[in-house]
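Protein chains: 2
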Amino acid sequence: MLGPSMNLDFSKLDGLVAAVIQDGSTGRVLMVGFMNDEAFRRTVNTGDVTFFSRSRNKLWVKGETSGHRLKVREIHTDCDRDAVLIKVDALGPGVCHEGYASCFFRKLDNGEWVENERRAFDPEAVYTTAPGKSEAGRK
Amino acid sequence: MLGPSMNLDFSKLDGLVAAVIQDGSTGRVLMVGFMNDEAFRRTVNTGDVTFFSRSRNKLWVKGETSGHRLKVREIHTDCDRDAVLIKVDALGPGVCHEGYASCFFRKLDNGEWVENERRAFDPEAVYTTAPGKSEAGRK
Numbered sequence: 001m002l003g004p005s006m007n008l009d010f011s012k013l014d015g016l017v018a019a020v021i022q023d024g025s026t027g028r029v030l031m032v033g034f035m036n037d038e039a040f041r042r043t044v045n046t047g048d049v050t051f052f053s054r055s056r057n058k059l060w061v062k063g064e065t066s067g068h069r070l071k072v073r074e075i076h077t078d079c080d081r082d083a084v085l086i087k088v089d090a091l092g093p094g095v096c097h098e099g100y101a102s103c104f105f106r107k108l109d110n111g112e113w114v115e116n117e118r119r120a121f122d123p124e125a126v127y128t129t130a131p132g133k134s135e136a137g138r139k
Numbered sequence: 001m002l003g004p005s006m007n008l009d010f011s012k013l014d015g016l017v018a019a020v021i022q023d024g025s026t027g028r029v030l031m032v033g034f035m036n037d038e039a040f041r042r043t044v045n046t047g048d049v050t051f052f053s054r055s056r057n058k059l060w061v062k063g064e065t066s067g068h069r070l071k072v073r074e075i076h077t078d079c080d081r082d083a084v085l086i087k088v089d090a091l092g093p094g095v096c097h098e099g100y101a102s103c104f105f106r107k108l109d110n111g112e113w114v115e116n117e118r119r120a121f122d123p124e125a126v127y128t129t130a131p132g133k134s135e136a137g138r139k
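Protein chains in written order, with the numbering used here: chain H, 1 to 139; chain R, 1 to 139.
Hints may be right or wrong, so weigh each one.
Identical copies carry no separate label here, and so any pair may be met within one copy or between two of them.
Once the Cα atoms are required to be at most 25 Å apart in a straight line, the calculated PhoX-like pairs of lysine-lysine come out as [what the hints assert, rightly or not]:
#1 Lys12 with Lys58
#2 Lys87 with Lys58
#3 Lys107 with Lys12
#4 Lys87 with Lys107
#5 Lys58 with Lys71
Keep in mind that the hints were calculated from the coordinates and are not lab data.
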């Protein structure tokens with residue numbers, strides 16, 4: 001459980017902190033999400049990374065639809081306590097709803113964003129066979 | 001130069017995107033900052049990571065006071081183009097204004113944030129001998 005004085009500073013982003021997700025084995029940065037206080041506490045207490053969706057205005061457990069959950073290894077915060085870095089074991093072939101291992105699959109190359117890796121899975125297959133599927137709610 | 005159609009989505013954070021800074025050699029996540037369109041373009045065009053300071057409401061070149069600049073190696077963006085991942089060569093012993101190699105020097109341990117590394121430099125020495133020093137403006 002999280003101690004009462006161990007709170008983060010949610011004031012700078014209207015109740016949210018940025019959460020950087022890093023693969024605990026490879027060191028690869030997988031995605032960036034946002035957490036409100038409840039999402040952060042659930043992440044700590046359940047061991048499953050849980051974000052606050054700004055577009056849907058609700059909590060979402062990453063992987064609850066796809067099965068590609070993010071299991072917490074370590075949680076760090078920064079000097080200002082307004083961001084967290086979470087090292088995880090990523091279940092499944094990738095975290096990105098577009099089918100890539102990392103959401104950061106595009107690299108800037110001479111002024112253009114180019115894909116610099118291949119898809120790790122077929123997002124249509126993953127998200128259309130799972131219960132609770134929806135285009136807007138890929139998780 | 002950045003092509004005109006290669007823009008990021010600045011709409012979700014009132015004109016900003018989150019920028020994750022990762023050491024290009026070690027893979028360590030060093031800090032998270034925010035960029036507006038101009039900060040991002042300056043980062044691309046100068047090769048020095050440039051943020052937008054929310055507290056001071058202006059651009060700041062990371063390391064302009066301390067000398068601890070972040071030299072761009074690679075820039076990635078994510079599926080939604082609302083965050084960037086920048087791999088850098090970090091000049092100097094650390095990026096954190098509190099004297100640590102990474103701003104993420106605290107780790108959650110049984111519900112408490114504990115420092116899990118030693119300071120890499122003395123922030124008083126770095127920031128009080130540099131021109132343009134100020135407590136609020138440590139860069």
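For each hint, the structure was consulted:
Taking the shortest Cα distances, Lys12 and Lys58 sit within 25 Å of each other both inside one copy (19 Å) and across copies (16 Å). For the homomeric pair Lys87 and Lys58, the shortest alpha-carbon distance inside one copy (23 Å) is at most 25 Å, but the shortest distance between copies (32 Å) is not. Only between protomers do Lys107 and Lys12 lie at most 25 Å apart by alpha-carbon distance; the minimum there is 21 Å, versus 29 Å within a single protomer. In this assembly of identical chains, the alpha carbons of Lys87 and Lys107 lie at most 25 Å apart whether taken from the same copy (22 Å) or from different copies (11 Å).
Taking the shortest Cα distances, Lys58 and Lys71 sit within 25 Å of each other inside one copy (20 Å), while across copies they are farther apart (37 Å).
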